[in-house]
Amino acid sequence: MRAKLTVGTVVAAGIALLLCAPPLAAHHAFAAEFDANKPVHFADATVTKVEFINPHSWIHVDVKMPDGTVENWAVEAGSPNILLRRGVTRDTLKVGQKIVVDGYQSKDGTHRANGRDLTLPNGQKLFLGSSGTGAPYEVQRPGVDTVKP
Amino acid sequence: MGDRFGIRRSAPAGVLGLVCLAAIAIQGQTPAASTKSTAAKAAPAKSTGDAKAGNPPRTPWGDPDLQGTWFVLAEVPLERSAANAGKEFLTDQEVAAADEKKGLNPGRNARSGDKSQDVSGAYNAVFNSVLKTGKRTSMIIDPPDGKIPPLAPGAKAPANLFGGPAAPGGNDNPETIAQSPRCLGVPMPFLPLNTLFAQGTVMQVVQSPKSMAIYMEDDHAGGGNRVIFMDGRPHAPAKLKLYLGDSRGHWEGNALVVETTNFSQGFRGSNIETYKMTERFTRADANTLRREITFDDPKTWTKPWTVVIEMGRAPSDRHMIFDSACHEGNYGMTGILVGSRREEQAAGKK
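For the protein sequence lines, the chains are D and F, in the order given.
Under the numbering used here, think of the first position of the first sequence as 1, with each following residue one higher.
Under the numbering used here, think of the first position of the second sequence as 150, with each following residue one higher.
It should be emphasised that the hints constitute simulated quantities derived from the structure, not laboratory data.
Quantities reported herein were computed from a predicted structural model and do not represent experimental measurements.
Errors might be hidden in some of the hints.
[As the list claims (entries may be wrong)] Taking lysine-lysine pairs in the DSS-like style, the calculated list, with each CA pair at most 30 Å apart, reads:
#, chain 1, residue 1, chain 2, residue 2
1, D, Lys148, F, Lys236
2, F, Lys281, D, Lys148
3, D, Lys38, D, Lys125
4, F, Lys498, D, Lys38
5, F, Lys264, D, Lys98
6, F, Lys281, F, Lys236
7, F, Lys425, F, Lys452
8, F, Lys296, F, Lys425
9, D, Lys125, F, Lys250
10, D, Lys125, D, Lys64
11, F, Lys284, F, Lys452
12, F, Lys448, F, Lys305
13, F, Lys284, F, Lys251
14, F, Lys284, D, Lys38
15, D, Lys49, D, Lys64
16, D, Lys64, D, Lys38
17, F, Lys264, D, Lys64
18, F, Lys498, F, Lys264
19, D, Lys38, D, Lys94
20, F, Lys281, D, Lys125
21, D, Lys125, F, Lys264
22, F, Lys390, F, Lys448
23, F, Lys305, F, Lys251
24, F, Lys305, F, Lys498
25, F, Lys250, F, Lys264
26, F, Lys296, F, Lys281
27, F, Lys296, F, Lys236
28, F, Lys448, F, Lys425
29, F, Lys452, F, Lys388
30, D, Lys49, D, Lys94
31, F, Lys236, D, Lys49
32, F, Lys390, F, Lys425
33, D, Lys148, F, Lys448
34, D, Lys148, F, Lys251
35, D, Lys148, F, Lys388
36, D, Lys125, F, Lys251
Isolated chain D (complex conformation):
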């Protein structure tokens, strides 16, 4: 099955990280669940189901493979409460919508991945600037909560 995958290169933006990113909090044992040696890049993924559930959201997608077959994958993302307060609703990400997924496959080789980068086909980050621009008590981050000027 792995031979069918479009295995892409994960782009390193170490400069940005070195400049300003704090150490990432260990929120969940992703390293135990997903394999750093199995990066996946789905350039043509179509949303089939969205689960905004605790403790992590799951976005299910049909992925068109290079040989024309279609595989259904489940992509793990963050918890839903913050998204909901930012104005992301059940209508924000709809069945049939095209997205691009960059992540890492699960260690057991099933069709699950963590959603390292979820973007729209135009390159915009998924959920960015959805219907609101973040809660008023939060810092607005260009490129995260609002589209970059």
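Once you have looked at the hints, place chain F on chain D.
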């Protein structure tokens, strides 16, 4: 697809949970007690109370009204940094500069050449909450230096602030995986130590004359529900240990003072037999709930220490409180266990 979203199901479930809690809490109250103000006969508030809380909103039965959904609206570190030594509050300019820096931080959108870090930092930064900077330089208000007092002789430094990491090799066993991924519920004292994931930042208070219920939202850890009895009953026997402890409250003027003991696990390495947590809930003003917590354990710290957490109202219905139930959707737990077995199998082949 709509019914697969958590929103429709979980928000009513959370409300139902609180209603159930309130119903439990109200059980046993007498009609006479329900109409009598307990505040009127209480002793004056101690000096730690807020002067502005002199005339708080009141419940129909006359107690100060602490109810509502309360949010931590600003980020304040637990301990004061060396850079802020001797300074209790930041200036407006310093707050603005800190927020500007936060706004430029890509957070989880940053990419690394280190794949293991890339895996650990999964998902976009939009899933994180970056609170504005608070003016306080530390949650700790006593000791005045904003630092946790030195450990008592023989006490051990805490291994982990959040109630215990996975034991070595612990990811292959559901009993030894860290507490949070197991959805076991929030550990006390429910401090806003990890605001990026809204952990310790949202709670709902429901009151009755003889008890108070607090629902602590934490969608990742499973949340928590406390019931604080204010009817004068004694603490449970010392041998009875509870995850959230055993809370008893009474009014001192306009402050609800809550003493919690009988914990089944300590906080920052405290000894569960001698550890006591005392909270003072007051309404600092119409839109602010002030929660002071004093941590006391002579076997762990050389003296008690106190934090203050100020919580406010969120601006709209969008900022409602959400249900924290998470066992049902915890597919990651299975993934962690399976992943760990794959690692073991791979190691065995070598």
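Results of checking the hints against the structure:
1. In summary, the hint linking D:Lys148 to F:Lys236 is not supported, as the alpha carbons are separated by about 35 Å, beyond the 30 Å threshold.
2. For the proposed pair F:Lys281 and D:Lys148, the alpha carbon gap of about 20 Å is at most 30 Å, so the pair holds.
3. Of the supplied pair hints, the one linking D:Lys38 and D:Lys125 holds, its CA atoms being roughly 22 Å apart against a limit of 30 Å.
4. Only pairs whose Cα atoms come within 30 Å are accepted, and F:Lys498 paired with D:Lys38 is accepted, the gap being roughly 19 Å.
5. Restraint check: the Cα-Cα separation between F:Lys264 and D:Lys98 comes to about 26 Å, which is no more than 30 Å; the hinted pair holds.
6. The hinted pair formed by F:Lys281 and F:Lys236 meets the criterion: a straight-line CA distance of about 19 Å does not exceed 30 Å.
7. Restraint check for F:Lys425 and F:Lys452: satisfied, since their Cα atoms lie roughly 12 Å apart, inside the 30 Å limit.
8. This hinted pair checks out: F:Lys296 and F:Lys425 have alpha carbons roughly 19 Å apart, not beyond 30 Å.
9. With a C-alpha separation of about 21 Å, the suggested pair D:Lys125 and F:Lys250 falls inside the 30 Å cut-off, and the hint holds.
10. For the hint linking D:Lys125 to D:Lys64, the alpha-carbon distance of about 21 Å falls within 30 Å, and the restraint holds.
11. With a C-alpha separation of about 26 Å, the suggested pairing of F:Lys284 with F:Lys452 holds against the 30 Å cut-off.
12. Our distance criterion of 30 Å between C-alpha atoms is met by F:Lys448 and F:Lys305, whose separation comes to about 10 Å.
13. For a cut-off of 30 Å, the pair hint linking F:Lys284 to F:Lys251 stands: about 15 Å separates their Cα positions.
14. Distance restraint check for F:Lys284 and D:Lys38: the Cα-Cα separation of roughly 44 Å exceeds the 30 Å cut-off, and the hinted pair is therefore not satisfied.
15. Between D:Lys49 and D:Lys64 the CA atoms are separated by roughly 16 Å; this keeps the pair inside 30 Å, and the hint holds.
16. Between D:Lys64 and D:Lys38 the CA atoms are separated by roughly 18 Å; this keeps the pair inside 30 Å, and the hint holds.
17. Taking the CA atoms of F:Lys264 and D:Lys64, the gap is about 25 Å. The hint holds against a cut of 30 Å.
18. Between F:Lys498 and F:Lys264 the alpha-carbon distance is near 24 Å, which keeps this suggested pair within the 30 Å criterion.
19. Proximity of D:Lys38 to D:Lys94 is assessed by CA-CA distance (about 28 Å); at most 30 Å being required, the pair is judged to hold.
20. Between F:Lys281 and D:Lys125 the CA atoms are separated by roughly 22 Å; this keeps the pair inside 30 Å, and the hint holds.
21. Distance restraint check for D:Lys125 and F:Lys264: the Cα-Cα separation of roughly 20 Å lies within the 30 Å cut-off, and the hinted pair is therefore satisfied.
22. The straight-line distance between the Cα atoms of F:Lys390 and F:Lys448 is roughly 18 Å, inside the 30 Å bound, and the hint therefore holds.
23. A threshold of 30 Å between alpha carbons decides the hint, and for F:Lys305 with F:Lys251 the separation of about 34 Å lies outside it, so the pair is violated.
24. Taking the CA atoms of F:Lys305 and F:Lys498, the gap is near 40 Å; set against the 30 Å cutoff, the hint is violated.
25. Under the criterion of a C-alpha separation no larger than 30 Å, the hint pairing F:Lys250 with F:Lys264 is consistent with the structure, at around 26 Å.
26. Between F:Lys296 and F:Lys281 the CA atoms are separated by roughly 22 Å; this keeps the pair inside 30 Å, and the hint holds.
27. Simply put, F:Lys296 and F:Lys236 have alpha-carbon atoms about 12 Å apart, close enough for the 30 Å limit, and the pair holds.
28. For the given pair, F:Lys448 sits about 11 Å from F:Lys425 by alpha-carbon distance, which is consistent with the 30 Å threshold.
29. With a C-alpha separation of about 25 Å, the suggested pairing of F:Lys452 with F:Lys388 holds against the 30 Å cut-off.
30. Between D:Lys49 and D:Lys94, the direct Cα distance comes to roughly 8 Å. Compliance with the 30 Å bound is thereby established for this hinted pair.
31. Proximity of F:Lys236 to D:Lys49 is assessed by CA-CA distance (about 51 Å); at most 30 Å being required, the pair is judged violated.
32. Distance check on the hinted pair: F:Lys390 and F:Lys425 sit about 13 Å apart at the alpha-carbon level, within 30 Å; holds.
33. Using a Cα cut-off of 30 Å, the hinted pair D:Lys148 and F:Lys448 is violated, with the two alpha carbons roughly 53 Å apart.
34. In summary, the hint linking D:Lys148 to F:Lys251 is supported, as the alpha carbons are separated by about 15 Å, within the 30 Å threshold.
35. Of the supplied pair hints, the one linking D:Lys148 and F:Lys388 is violated, its CA atoms being roughly 58 Å apart against a limit of 30 Å.
36. Of the supplied pair hints, the one linking D:Lys125 and F:Lys251 holds, its CA atoms being roughly 19 Å apart against a limit of 30 Å.
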